[in-house]
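A.B. asks: Model the full structure from these sequences, guided by the hints.
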Amino acid sequence: MVATAEVIYQRPESFTEVHTHYCPGCTHGVAHRLVAEVIDEMGLREKTIGVAPVGCSVFAYKYFNMDFVEAAHGRAPAMATGIKRVLPKNTVFTYQGDGDLASIGMAEIMHAAARGENITVIFINNAIYGMTGGQMAPTTLPGMKTTSSPFGRDVEMAGYPIRMAEILASMEGSGYVVRRSLHDAVNIRKAKKAIRLAFEAQERGLGFSMVELLSSCPTNWKLSPQESLEFIKDQMVPVFPLGDFKVSEVLQTLKV
Amino acid sequence: MAKELLKGNHAFAEAAIRAGVEAFYGYPITPSTEFLEYMSSRLPSLGRAFVQAESEVSAINMVYGAACTGKRVMTASSSPGISLMMEGISYIAGTEVPAVVVNVMRGGPGLGNIAPSQGDYYQMVKGGGHGDYFPIVLAPASVQEAIDYISLAFDLAEKYRSIVHVIVDGNMGQMMEPAELPPMRELPEEVPEWAVTGAKGRDPNILTSIYIDPVDEEVTNLRLLKRWKEIEKNEVIYDEIDVEDAEILVIGFGTSGRVASSAIREARQEGIKAGLLRPITLAPFPRKRLLELVKKIRRILVVEMNSGMMLDDVMKIVQGQVPIEFYGRMGGMTPLPDEILDEIRRVAANQAPGAEDPRDEWMLRLEKIITGDK
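Top to bottom, those sequences are chains X and P. Taking the working numbering, the leading residue of the first sequence gets 1, the next gets one more, and so forth. Taking the working numbering, the leading residue of the second sequence gets 1001, the next gets one more, and so forth.
Don't take each hint at face value.
On the chain P side, residues computed to face chain X include the following (Cβ under 10 angstroms) [as the list claims (entries may be wrong)]:
| id | residue |
| --- | --- |
| 1 | Gly1020 |
| 2 | Val1057 |
| 3 | Ala1066 |
| 4 | Ser1090 |
| 5 | Glu1193 |
| 6 | Val1196 |
| 7 | Lys1200 |
| 8 | Asn1205 |
| 9 | Trp1228 |
| 10 | Leu1290 |
| 11 | Val1294 |
Quick caveat, the hints were computed from the structure, so don't treat them as lab data. Think of the CB as a built atom: it goes at the ideal place given N, C-alpha and C, for glycine as much as any other residue.
C.D. replies: Laid out in structure tokens, this is it:
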């Protein structure tokens, strides 16, 4: 008998072999990996151009083994538009956090969706500004303490969290807009399927696609990695309900 | 090809198309809007990209994206819109990708007005965005010159992987005059090796303006500065009228230079030996030529449609070797040939030593002109 071994888990080709700078327990690494796996599985690596944001994932281009550009804060959808319009056959995606996408880049993301730009957006919502050290984000939960809402987000003074998936789904140019979470294995699997469908939407020319991913920030939440995952489940999901907000017909019957 | 009667903004846009621009991203703003309108009607039928962006901020970042693919790309706007674009312009400079920006300048600061101005000299020539970088700035003075230099702008942008500004004013954007368009240039077939196009059969290309280690940023700054020195050496362009025997050297760019050329013709008829130096590259400035001319002339008159911005550069170069005087109109006012002729006559008769700041006396004269108390 000759023993055979089957590889069931390895580094995706779309990943580079470097250590990331992310904090222990941060789910950016999981989100990165899911995107890399999907790009591998769809055979898109050699035609993909990624657009990195400003925020914790500013160095995303170091971790993906593909062509990448680095946008100004919030401008990734505009940069992706500029690229996709001259290279329509390439796959173009942005990877953005909540400060980048929902605050300083609100105009760019809204109009990219309104125009039905055939790009894919991976949106990391961890309810806080991570890179600058834990300030209030447009997605910070009511009552949540941050370094710039030290007594908890007072909605009378600082307004309410913004639900981007719901807003972007209302744009006619959107082909696929969903929210998923990265707080446990089941949800991570669902997130991967959603990322797959988002890239499928782009490959089929169905317009703007976005996957919002509820993510953890143990360092700035001042919670342990495990407590952070529970925070997503218990605190964030009630404010940011998981679900499909826009799924174009073609995708509804697509098996991936 | 024959000369046609062309409106400035339309002619500039068509010149860019014939120079092979593959994408235009812009936002409407007076007095540059016809540029965008023209592009919207022409580019789609040529299979080239056009997007009316949601803002100038987005437009320049679309330009940034397309520039990273190695495609020939541009935008056009006017002063307040250019202010909004400065973020993206700095990123384009920091990433070392080529792009062309046309500024059809209007009166300011703030919302100002929609009349012609040269008040963006500092913003365009000195960088405008944050950080250490050096834009190439072309300042044509007629529709024909703008056609020619917009074409050159793309070549310079690609040669030096640099941002190139073409600055004109509302006069030139809006006026019609006879000009000849060049034939259509072939689109470049080769993709630059640095461009992002998908990493097929090669290592990934990463285009970024981030150098988190200050050592790397300093290396980048030095590379940009060295490239700028090359540009200064190779790419200076200027025009001259009657400088060989001139005693009074008038210096003006764009519209103010063009108006000054009429005044100089009349001054010559009166026997005043006046000549014109009209920088076409404001950056790099024709520094060497100015230093040569300074040895032969008696006095300088700088004429601008701003508060004396190029004047500062002239003073820095001339270093007090000859007296310098200034005449400017601001706020969207264009000087008439007679005004400049009066100035040339006054300067020709003036034997006083140069003032520390030539603006001081000019301000008094301008106040009288404004109040009609001449």
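A.B. asks: Does P/Trp1228 meet its interface restraint, that is, does its C-beta lie within less than 10 angstroms of any C-beta in chain X?
C.D. replies: At about 23 angstroms, which exceeds the 10 angstroms cut-off, the nearest Cβ of chain X leaves the hint on P/Trp1228 violated.
A.B. asks: Would you settle whether the hint for P/Ala1066 is holds or violated, based on the nearest Cβ-Cβ distance to chain X being less than 10 angstroms?
C.D. replies: holds (4 angstroms)
A.B. asks: Would you check whether P/Leu1290 satisfies its interface hint, that is, whether its CB is within less than 10 angstroms of any CB in chain X?
C.D. replies: Status violated, d = 37 angstroms.
A.B. asks: Hey, does the P/Lys1200 contact hint survive, CB to chain X under 10 angstroms?
C.D. replies: For P/Lys1200, the interface hint holds, since the closest Cβ of chain X sits about 4 angstroms away, which is under 10 angstroms.
A.B. asks: Less than 10 angstroms between beta-carbons is the criterion; does P/Gly1020 satisfy it with respect to chain X?
C.D. replies: violated (13 angstroms)
A.B. asks: Hint P/Val1294 vs chain X: min CB-CB distance below 10 angstroms?
C.D. replies: With Cβ-Cβ at 43 angstroms, over 10 angstroms, it is violated.
A.B. asks: P/Asn1205 was flagged as interface toward chain X. Is the shortest Cβ-Cβ separation under 10 angstroms?
C.D. replies: holds (5 angstroms)
A.B. asks: Closer than 10 angstroms between Cβ atoms is the bar; does P/Val1057 clear it against chain X? Give me holds or violated.
C.D. replies: Hint holds; P/Val1057 Cβ to chain X Cβ min 7 angstroms, cut 10 angstroms.
A.B. asks: Hint check: is the beta carbon of P/Ser1090 less than 10 angstroms from a beta carbon of chain X?
C.D. replies: At about 9 angstroms, which falls below the 10 angstroms cut-off, the nearest Cβ of chain X leaves the hint on P/Ser1090 intact, so it holds.
A.B. asks: Please verify that hint: P/Glu1193, Cβ, nearest Cβ of chain X, below 10 angstroms or not.
C.D. replies: violated (12 angstroms)
A.B. asks: With 10 angstroms as the cut and Cβ atoms as the points, is P/Val1196 at the interface with chain X?
C.D. replies: holds (4 angstroms)
Against the hints set out earlier in the document, violations occur for numbers 1, 5, 9, 10 and 11.
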